[in-house]
Amino acid sequence: MERISLFQLNTFIKRALALNFNNAVWVTAEIAQVSNSRGHIYLELVEKSLDTQAVIAKARGNIWKSTASQLEQKLGPLFKDILQEGTEILFSTKVTFHELYGISLQIDHIDPAFTMGKLEMERQETINYLQTHGKLHKNGQYSLPPVIQHIAVLSSATAAGYGDFKAHLLQNEYGYQIQWDLFPVAVQGTQVTQEIITALNSIQNKANPYDAVVIIRGGGSKLDLAAFDDKDLCVAIADFTQPIIVGIGHERDQSIADLVAHTALKTPTAVADFILYHNLQFEEKILQWGQQIQTQAEAWIREKTDLTNRLTIQLKWASQSLLTSKVNQINLAADNIQRNAWLTLKNSDKDLTIFEKQIAAAHPQNILKRGYALIRNEEGSILDFEKINLHQSINIELIDGIVKTTVQEKQKNG
Amino acid sequence: MDKELTYEKAYEEIQEIAQAMESEQINVDELAEKAARAQKLIQFCREKLRTIQTSLEEVYRENESQE
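Line by line, the protein sequences give chains G and F. Read left to right, the first sequence gives residues 260 to 673 (my numbering). Read left to right, the second sequence gives residues 371 to 437 (my numbering).
Just so you know, the hints here were simulated from the structure itself, not pulled from any lab data. As the structure is a computational prediction, the values presented were derived from the model and not from experiment. A virtual CB, placed ideally from N, CA and C, is assigned to each residue, including glycine. Among these hints, one or two may not hold up.
Below, a list of computed lysine-lysine pairs in the DSS-like style, where the Cα atoms sit at most 30 Å apart [claimed, not checked]:
{"hint": "1", "chain 1": "G", "residue 1": "K377", "chain 2": "G", "residue 2": "K339"}
{"hint": "2", "chain 1": "F", "residue 1": "K410", "chain 2": "G", "residue 2": "K585"}
{"hint": "3", "chain 1": "F", "residue 1": "K410", "chain 2": "G", "residue 2": "K605"}
{"hint": "4", "chain 1": "F", "residue 1": "K410", "chain 2": "G", "residue 2": "K490"}
{"hint": "5", "chain 1": "G", "residue 1": "K317", "chain 2": "G", "residue 2": "K333"}
{"hint": "6", "chain 1": "G", "residue 1": "K525", "chain 2": "G", "residue 2": "K333"}
{"hint": "7", "chain 1": "F", "residue 1": "K379", "chain 2": "G", "residue 2": "K575"}
{"hint": "8", "chain 1": "F", "residue 1": "K373", "chain 2": "G", "residue 2": "K575"}
{"hint": "9", "chain 1": "G", "residue 1": "K397", "chain 2": "G", "residue 2": "K490"}
{"hint": "10", "chain 1": "G", "residue 1": "K575", "chain 2": "G", "residue 2": "K563"}
{"hint": "11", "chain 1": "G", "residue 1": "K585", "chain 2": "F", "residue 2": "K373"}
{"hint": "12", "chain 1": "G", "residue 1": "K307", "chain 2": "G", "residue 2": "K317"}
{"hint": "13", "chain 1": "G", "residue 1": "K575", "chain 2": "F", "residue 2": "K418"}
{"hint": "14", "chain 1": "F", "residue 1": "K410", "chain 2": "G", "residue 2": "K609"}
{"hint": "15", "chain 1": "G", "residue 1": "K525", "chain 2": "G", "residue 2": "K465"}
{"hint": "16", "chain 1": "G", "residue 1": "K628", "chain 2": "G", "residue 2": "K671"}
{"hint": "17", "chain 1": "G", "residue 1": "K339", "chain 2": "G", "residue 2": "K490"}
{"hint": "18", "chain 1": "G", "residue 1": "K585", "chain 2": "F", "residue 2": "K379"}
In silico contact screen, one side only, chain F against chain G (beta carbon under 7 Å); selected entries [stated by the list, open to error]:
{"hint": "19", "residue": "L375"}
{"hint": "20", "residue": "L419"}
{"hint": "21", "residue": "L426"}
To give an idea of the interface, some chain F residues facing chain G are shown, with a C-beta separation under 8 Å as derived from the structure [said to hold, decoys possible]:
{"hint": "22", "residue": "E374"}
{"hint": "23", "residue": "I384"}
{"hint": "24", "residue": "Q385"}
{"hint": "25", "residue": "I387"}
{"hint": "26", "residue": "M391"}
{"hint": "27", "residue": "I396"}
{"hint": "28", "residue": "V398"}
{"hint": "29", "residue": "L401"}
{"hint": "30", "residue": "A405"}
{"hint": "31", "residue": "A408"}
{"hint": "32", "residue": "I412"}
{"hint": "33", "residue": "C415"}
{"hint": "34", "residue": "Q423"}
{"hint": "35", "residue": "Y430"}
{"hint": "36", "residue": "R431"}
Same shape as in the complex, but just chain G:
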């Protein structure tokens, strides 16, 4: 039996590989781990089963320092974004075998379009999922209070975006005082989803709800933003029962978090502006209401003043005319009484005059004047025929003298 040494075997494998992998091959894999040593980049590449997500293949890959700087020049910041744990990449590689280190993939090129396309596909799937499960506008149905005063801020405490946000809120020209509690979370990398969900849960359990929850981070590349396309994160945002405002620093692209949030803005500064403007609108509304109340009150007062003035004039006329009529009444009564008093006096006087005349007329002297005579005896006037006796001596009294005579004869009338 022929025997060979391990080194001979490895040399043989090396030759066999070199013969079969003459040219570079294009390979797709997921980055499981990344490390960097003296400019060289070491990757652990895996492939997972579509069904079980179990690792079904594994290999070491490396990008030598010179290749890395070439790629970085070519791809720009995308290069670093692509080389993240969890990213799927398409790369061209030479399969090499080293007698000591075994097989390794020397990466000489990475196709960013593959990674971006893959991400875009995942994005689309996530959007479809959110849409079919009614989550796209779910958070949007909660309304912001008229004034935003107390907010929860989810951000990295050291992010520049958070600093801008703070400064903007503190230095607002309207003097609004907005309180916030910072919930420090990672805003890039693989921890984003987990940390944001944990923070949202602790906010949800607070006794006093915030007026709004704000998720902010500074600007970043497209791949950096991919954390905010995560399905679980977006579901958590959609299912949250208070309005969430996001400002995750990007100018052109839209993350899925933007789609599910109550309000999406480009930058943390824009979120601060939004909050201030929201409160400003309330203040303007209040001022407008105040103005309206003043205008209406003034109109009302004017109307009532006019009415009162009219009533005063009416009252003046009415009272004057009432007084005048009373004065006339009294004058009339006074005249009446005076006239009647004089009249009564005059009538009484007239009556007296008549009586006087009548009495005067009845005086015996006056009767005698008219040719009548009085018959008297010693006892006085004789008015009764029977009281005159024959041969009695009687006096016949005329107006100008008395005749003494004796009764010769009596003859009764009838």
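On the provided structure of chain G, position chain F as indicated by the hints.
Quick look at chain F alone, frame taken from chain G:
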């Protein structure tokens, strides 16, 4: 004059006296007394009206000066 006297009461009495005079229910003995009473009441009523007139004028003068 009676302290309790009001314009209305006074006016009523004046009317009674006037009516009594008109219907000749008042005899001469009462006439002077009644006429004097009526005159007093009329005086009272006129004074009242004058006072009210003055008050009204004051009220409306104040009102006008306020406007």
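Now the hints, each set against the structure:
no.: 1; hint: G:K377 / G:K339; result: holds (17 Å)
no.: 2; hint: F:K410 / G:K585; result: holds (17 Å)
no.: 3; hint: F:K410 / G:K605; result: holds (22 Å)
no.: 4; hint: F:K410 / G:K490; result: violated (108 Å)
no.: 5; hint: G:K317 / G:K333; result: holds (27 Å)
no.: 6; hint: G:K525 / G:K333; result: holds (28 Å)
no.: 7; hint: F:K379 / G:K575; result: holds (25 Å)
no.: 8; hint: F:K373 / G:K575; result: holds (29 Å)
no.: 9; hint: G:K397 / G:K490; result: holds (15 Å)
no.: 10; hint: G:K575 / G:K563; result: holds (18 Å)
no.: 11; hint: G:K585 / F:K373; result: holds (21 Å)
no.: 12; hint: G:K307 / G:K317; result: holds (9 Å)
no.: 13; hint: G:K575 / F:K418; result: holds (18 Å)
no.: 14; hint: F:K410 / G:K609; result: holds (28 Å)
no.: 15; hint: G:K525 / G:K465; result: holds (28 Å)
no.: 16; hint: G:K628 / G:K671; result: holds (26 Å)
no.: 17; hint: G:K339 / G:K490; result: holds (23 Å)
no.: 18; hint: G:K585 / F:K379; result: holds (14 Å)
no.: 19; hint: L375; result: violated (14 Å)
no.: 20; hint: L419; result: holds (5 Å)
no.: 21; hint: L426; result: holds (6 Å)
no.: 22; hint: E374; result: violated (20 Å)
no.: 23; hint: I384; result: holds (5 Å)
no.: 24; hint: Q385; result: holds (7 Å)
no.: 25; hint: I387; result: holds (6 Å)
no.: 26; hint: M391; result: holds (4 Å)
no.: 27; hint: I396; result: holds (6 Å)
no.: 28; hint: V398; result: holds (5 Å)
no.: 29; hint: L401; result: holds (5 Å)
no.: 30; hint: A405; result: holds (4 Å)
no.: 31; hint: A408; result: holds (4 Å)
no.: 32; hint: I412; result: holds (5 Å)
no.: 33; hint: C415; result: holds (5 Å)
no.: 34; hint: Q423; result: holds (6 Å)
no.: 35; hint: Y430; result: holds (5 Å)
no.: 36; hint: R431; result: violated (11 Å)
Hint violations for this structure: numbers 4, 19, 22 and 36, all remaining hints satisfied.
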